[in-house]
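Using the sequences and the hints given, assemble the complete structure.
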Amino acid sequence: MTCIPGKPVVDQAPPSGREMVIIAAGLTMVCLFAAMILGGLYFVTQPAKEHNLLVREETMIRGLLGLSPQARIQEVRRYLKREGKNTQVIYLTGKKLAQLELEGKEVAAVDVPNDVAAAGTELKDEWVKKQVKAVDPEHFKYAGRFFVGIEGSQPVGYVVEGVTLGFKTWVRFFMAIDSTYTIQGVEIIEHEEDPGLGAEIVQRYFKNQFAGRSFEDVEKISVIKDPLPKEWQEALEQLGDMPFRPWLEKYREMLPKNPNIYAITGSTISSTAVTVGVKAALGNFRKRMNIVEKYL
Amino acid sequence: MSANRPPPPVSTMLMRGLFEENPIFRLALSLCPAVAVTTAVKNGLMLGVAVLVVQVLSSMSGSLVKHIINPKIRIPVFTLLIAIWVSAMDMILAAYFSDIYQQVGLYVKLIVAFAIIISRMELFSMKHSVVPCFWDGLGMGLGFLVGLVLAGAFRELLGSGSIFGIAILPFKPLLLVVLPAGGFFTIGLIMAMFNWVDVKRGHKLPSGGGGAHG
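Chains as they are written, first to last, in our numbering: chain A, 1127 to 1422; chain B, 1083 to 1296.
Hints are computed from structural coordinates only; laboratory data are not their basis.
Keep in mind that the hints are not guaranteed to be accurate.
To be verified - Chain A stretches covered by chain B per the calculated footprint, using a threshold of three residues with CB under 8 Å from any CB of chain B:
#1 1161-1175
#2 1317-1326
#3 1369-1375
Beta carbons: idealized from backbone N, C-alpha and C, even for Gly.
Here's what the structure looks like:
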């Protein structure tokens, strides 16, 4: 067997034409090989990857709202369309596509065909773009979404997707809200906080501190650096093993005793970031809900 | 260095990666990810498995292509080969092991730049055929895996009082051990342990950490 040893190249003269062709051919072959393997794998794994993300989101929404297996989840997408100085807000619900002025005055509303309502996000975005005649893609952008949990034909709760700036980059979270704007729970979907520090925001003893808070509670909430009381921590660890309603019944009297969010030790910035995000998302959702409710 | 030197026996190749030339504790390569992911055993284990697979596949494919590429361009070709296997691992983990991917996804992409992988291709794959390269890659990969698990176990036990997320120690955890500085202390301590074992065995290891012979 002949091998080419990895000895240092002493001869520094430029390679001959023939040598250059061989080098280029070798690199091209390796690149082609790489392209084939990666292309094939992408083709095989991409559907599974997208499916995973959807399943994960759906499991989270169902868990947060405590939905029964028969319940349906309807996505509501929000878009912004700019035309000169005018900005329009567009909501795509399961039934309607509503074009509104910023203050909430209706410009147009059309019914959504069933196949669009059940389609994936890309198809939905394309359809909306066509419907509202957004010529310049720079003037039309996706601006957030929320989900409605529907049991039978009644909405039983909402899950809002929110983002907030964490210690390094964006923290994406889901927040479940009932029809009285009380938070039922918070789940962190994506974050890049430090392991052992900011990454603790995904732990029950932190994220569950928001559960059971009403709109008024959240408005007054702040982040404090006191140590987390032992019995409150034990109560917080329960939510998740226990559905939200029975949990709230059992520990209701503890909420007023702990009106603020206890920051994670060593991660006040991450703790504050999530709290600010939850506050903003809840406030915005309440404002938007007043407008979009009749289109659901 | 002869081109056609016969490969060492399998046991030597395996032990070299596990002990004599352990990537983390003897060669001190790829310390950055080793410190970053070893805050818990589970993360260390997952990244270790990913590195093991990439190391074996890269070593073997490096050995396969050595005849058809000009040695002048071996570095770009090696880099490309590593990148292929890392991207493949990344896609497969994301598609079929999404729970694990949530934890270590960020670091899997970084395997492309792990010094240990390209150094094994340069030192070993260039000189040996596919089968010895498999054993050498397996030994080095296992060495890295064991290193990550050891460091992860130490840090999780002292820093969070648990192993694999199961609480074991009832005392207040030492925050320092989980912080990056604690990671370096941990690796330093285990390195000292390796040296101590070596002293007990009668100083057989090369003092520079080794890595020169292939």
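Each hint, compared with the structure:
1. Chain B is given as covering the segment 1161-1175 of chain A, and this holds because 9 residues of the stretch bring a CB closer than 8 Å to a CB of that chain, at least three being needed.
2. With 4 residues having a Cβ less than 8 Å from any Cβ of chain B, the segment 1317-1326 of chain A passes the three-residue criterion, so the hint holds.
3. Look at the segment 1369-1375 of chain A against chain B: 0 of its residues bring a Cβ nearer than 8 Å to a Cβ of that chain, fewer than three, so the hint is violated.
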